[in-house]
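Chains A and B, in that order, give the protein sequences. Those letters in the first sequence? Residues -15 to 287, by the working numbering. Those letters in the second sequence? Residues 9 to 226, by the working numbering.
FYI, nobody ran anything at the bench for these hints, they're computed from the structure. Computed from a predicted structure; not experimentally measured. A couple of the hints might just be wrong.
[Stated by the list, open to error] Here are the in silico distance ranges between beta carbons for each label pair:
(1) B/G190 / A/G169: 23 to 29 Å
(2) A/P(-11) / B/F108: 28 to 34 Å
(3) B/I115 / A/V162: 58 to 64 Å
(4) A/R30 / B/G177: 26 to 32 Å
Every residue, glycine too, gets a C-beta built ideally from N, C-alpha and C.
Chain by chain, the residues:
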Amino acid sequence: MIGLPFVYAVAGVLFAIYAALGVLDRRWGNALLWGLVAISFLFGDRLGDLGNGVLVLGLVLIAGCGLIRRPQPRDDSETPRGNAIFLPVLIVPVVALAGTFAARWWPGWVDPKQATLVCLAIGVLIALAAALLWLRPRPATPFREGLRLMDSVGWAALLPQMLASLGAIFALSGVGTVVGGLIGGIIPNGSLIGATFAYGIGMALFTIVMGNAFAAFPVMMAAVGLPLLIHQHHGDPAIVCAIGMLSGFCGTLLTPMAANFNIVPAVLLELKDRNGVIRAQAPTALPLLLVNILLIWWLAFPR
Amino acid sequence: MLVLSGIAIIVLGFLLRFNPLIVVAASALVTGLAAGLHPLAILAAFGKAFNETRYVTIVWIVLPVIGLLERFGLQERARALVAGFGRATAGRLLIAYLLFRQLTAAIGLTSIAGPAHTVRPLVAPMAEALADRQAGGLDEAARERVKALAAATDNVGLFFGEDIFLAIGSILLMKGLLEQFGIDLQPFQLSVWAIPSAIAALLIHGFRLWRLDRRLAR
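Isolated chain A (complex conformation) (with noise of 0.2 Å):
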């Protein structure tokens, strides 16, 4: 059964790879970076708890310092090709989607709960294959372009697994209950709709805190969603929570935190402004959740 160890192993490989072109051009704080991806991928689940915390610290010091040189800009191109050239690109999206279903309707190669990932990776393979026999450059060409976006990306490309790893620690510590229990302290008594804004609104505010509306809703939940909204004023659950979990979603859109989300595209499309594609969201995200908390109100409550 295929799982998450061969997407790990591909992922692996490929960042070792990285590593090694990088000493090659001796460019040696991206080799380092890029190897100890490598190391995590690859070896990770044998390090133990402590080993891949010092291989995270590893991470930070070589990010931390400095040492993450940009890539060089391309000189040269080859012929460009015509409307082909997007098949490859499509590949990726349609194995993952043939995939998923096959996963379904024959289940038994592929973890159900990674089939997205595992075809993501194939489909990625495939599709570079694909490109290598119709446009049959030198076998490090796609490598050298994929280290260079790579490259450009820096160690941005870790912060959504750092910020996730930030979660757990946030979790272990208690974070949560005590921001739950401010928020459900300033709540004026037995107003509705007091009630159903600060739940709308906290949802969303501590989404931006911590990045992830997951991480929000079972606090606001056990805060102001379940005591007030469904227990006092007899709230439809179903309502409250899928719409309030959408107000979190709101939050999301708003945060550098959802680095993956909002910092990511913003390197990849090389924007110079960090923050832009939070500027491009913020004048949708506002409006709709005020309608979200709207909604809740009008549609979660007995009249």
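Position chain B against the provided structure of chain A, taking the given hints into account.
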């Protein structure tokens, strides 16, 4: 209360533009110390979580494919392709992409698009080329705004489509949490209530994209 100092460090660190990896590490250390954890226990807990969340960093494996194709003119081709559509505009293109992203996410296909494999190579250069044609030349700031709006459209479409799908993580999280509180709900009952917000997202963001066209035409 003291455990909240980690949040203060995050906010300050991001505002003062320190390297975010250092800010995150410092926040984890301070939060853990405030909760009375031993520094080595914090390091081990962080390492364990880092190892368990490696799937977050998987998206980057698509870069060799994108990089190779860009070397053979992928972005230029994307620009040229939309230039052939006479009535296409940046706003209309992004509205169509928003709808596509919402509908595909609503049937569970959240991973078929994304910043690395669709926005950078296809959607952003297409929107940029169309906006350029509409305005008769864009300055650097306007170019940045159009590109940022392309990435924003991808996020809005994903977030306000995916919860309509029954088996997405957030729906399962809600179901699990409600069960702990003694409330039993089927995923369908939750996912159907994501539809009003999805329509609101389409209207609000679609209106902004329509205004983008109006602004560019002036």
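Hint check:
The supplied range of 23 to 29 Å is met by B/G190 and A/G169, whose beta-carbon atoms lie about 25 Å from each other. Between A/P(-11) and B/F108 the CB atoms are about 33 Å apart, so this pair conforms to the stated range of 28 to 34 Å. Distance hint check for B/I115 and A/V162: the Cβ-Cβ separation is about 39 Å, which falls outside the suggested range of 58 to 64 Å. With their beta carbons about 28 Å apart, A/R30 and B/G177 fall inside the hinted range of 26 to 32 Å.
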